[in-house]
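Given chain P's structure and the hints, the job is docking chain C onto it.
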Amino acid sequence: MNDSEVHEPAAKPRVSGIGRLLIAVYGVLALAATGRSFVQIASEFTDAPLAYSLSALAAVVYIIATIALIKRSVLWYKIAWITISFELLGVLVVGTLSLLEPALFQHKTVWSVFGQGYGFVPLVLPLLGMWWLSRHPISAAVAPRTGRKGSE
Amino acid sequence: MIDWFTWLQLAVAVPGGLLCIIVGLVGRKPTDLTMGATALVEVLLIVQLAAAVIAPLAGNAATGSLLEFYTYLVSAILLPVAAGFWALVERSRWSTVILGVTCLSVAVMLYRMNQIWNVQGS
Numbered sequence: 001m002n003d004s005e006v007h008e009p010a011a012k013p014r015v016s017g018i019g020r021l022l023i024a025v026y027g028v029l030a031l032a033a034t035g036r037s038f039v040q041i042a043s044e045f046t047d048a049p050l051a052y053s054l055s056a057l058a059a060v061v062y063i064i065a066t067i068a069l070i071k072r073s074v075l076w077y078k079i080a081w082i083t084i085s086f087e088l089l090g091v092l093v094v095g096t097l098s099l100l101e102p103a104l105f106q107h108k109t110v111w112s113v114f115g116q117g118y119g120f121v122p123l124v125l126p127l128l129g130m131w132w133l134s135r136h137p138i139s140a141a142v143a144p145r146t147g148r149k150g151s152e
Numbered sequence: 153m154i155d156w157f158t159w160l161q162l163a164v165a166v167p168g169g170l171l172c173i174i175v176g177l178v179g180r181k182p183t184d185l186t187m188g189a190t191a192l193v194e195v196l197l198i199v200q201l202a203a204a205v206i207a208p209l210a211g212n213a214a215t216g217s218l219l220e221f222y223t224y225l226v227s228a229i230l231l232p233v234a235a236g237f238w239a240l241v242e243r244s245r246w247s248t249v250i251l252g253v254t255c256l257s258v259a260v261m262l263y264r265m266n267q268i269w270n271v272q273g274s
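If you're matching them up, the sequences are chains P and C in order. Quick note on numbering: this note's numbering labels position 21 of the first sequence as 21, and the sequence is numbered without any gaps. Quick note on numbering: this note's numbering labels position 58 of the second sequence as 210, and the sequence is numbered without any gaps.
Worth flagging that the hints you see were computed from the coordinates, not collected in a lab. Do not rely on the hints blindly, as some may be mistaken.
One-sided and incomplete, this derived list gives chain P residues near chain C with beta-carbon spacing under 7 Å [stated by the list, open to error]:
hint : residue
1    : Arg20
2    : Val28
3    : Ala30
4    : Gly35
5    : Ser43
6    : Gly90
7    : Val93
Ideal Cβ placement from N, Cα and C applies to all residues, glycine included.
With the rest of the complex left out, here is chain P (with noise of 0.2 Å):
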């Protein structure tokens, strides 16, 4: 179905071009919604809980959609899909409720108007994250011998 594993031969042991812009904006954005998480929960949590502690779930997702990109196995590919879909999910989900529902999210979280706080870059990332992952799939006949098993 899909014919860019055919084009694939010998998976690749690195990530070539575009995947290492992605990895490092990615790394960029995992290293500023750290940052202002540990900043939000450190000064100022009681103030909104809810938002603090959801910036703080996306800045982990963040990090280990970083680390998926970078690691190329089945595992981490699957795990790449996943963590870029919760972040989709969760910048239309939270973009749209804090336009609805403004008083639920009166502090900035990373997510909030859809990234807007973040140049909409938390919008924009996971689409082109999922087009890059659906054009560079891992499966078990294409990973990266690596000497230990990709998945379960």
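Chain C in isolation, oriented as in the chain P frame:
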């Protein structure tokens, strides 16, 4: 933060970042120019760190959250180092682009840091 110094840093980071991105997309591997621009951004950030520590002693105190300010600053300082290592390990057009993305990210962080320091709250 000192306004003119912030503007100086932005004047290096934004054109430098755009330069790296364009040069990278054109297909160039990291060169002295692109690595140098990133290194200059980093040096200015270190100076910024020193300035931020000293400034309150000279009467220029932050109006916003110092925790948030220093979190941004530390994050910003880490970025060019990471990107620089990446560019040294893997010399490709994309590592040049990544140098550029890093410089632009630092620019955004500098802008936020200036807001935190000079404009009340965040």
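Here's how the hints hold up against the structure:
1. Arg20: 5 Å, holds
2. Val28: With Cβ-Cβ at 5 Å, under 7 Å, it holds.
3. Ala30: With Cβ-Cβ at 11 Å, over 7 Å, it is violated.
4. Gly35: 4 Å, holds
5. Ser43: 6 Å, holds
6. Gly90: Gly90(P) check fails; min Cβ-Cβ to chain C is 21 Å, beyond 7 Å.
7. Val93: 25 Å, violated
Consistency note: the structure conflicts with the earlier hints numbered 3, 6, 7.
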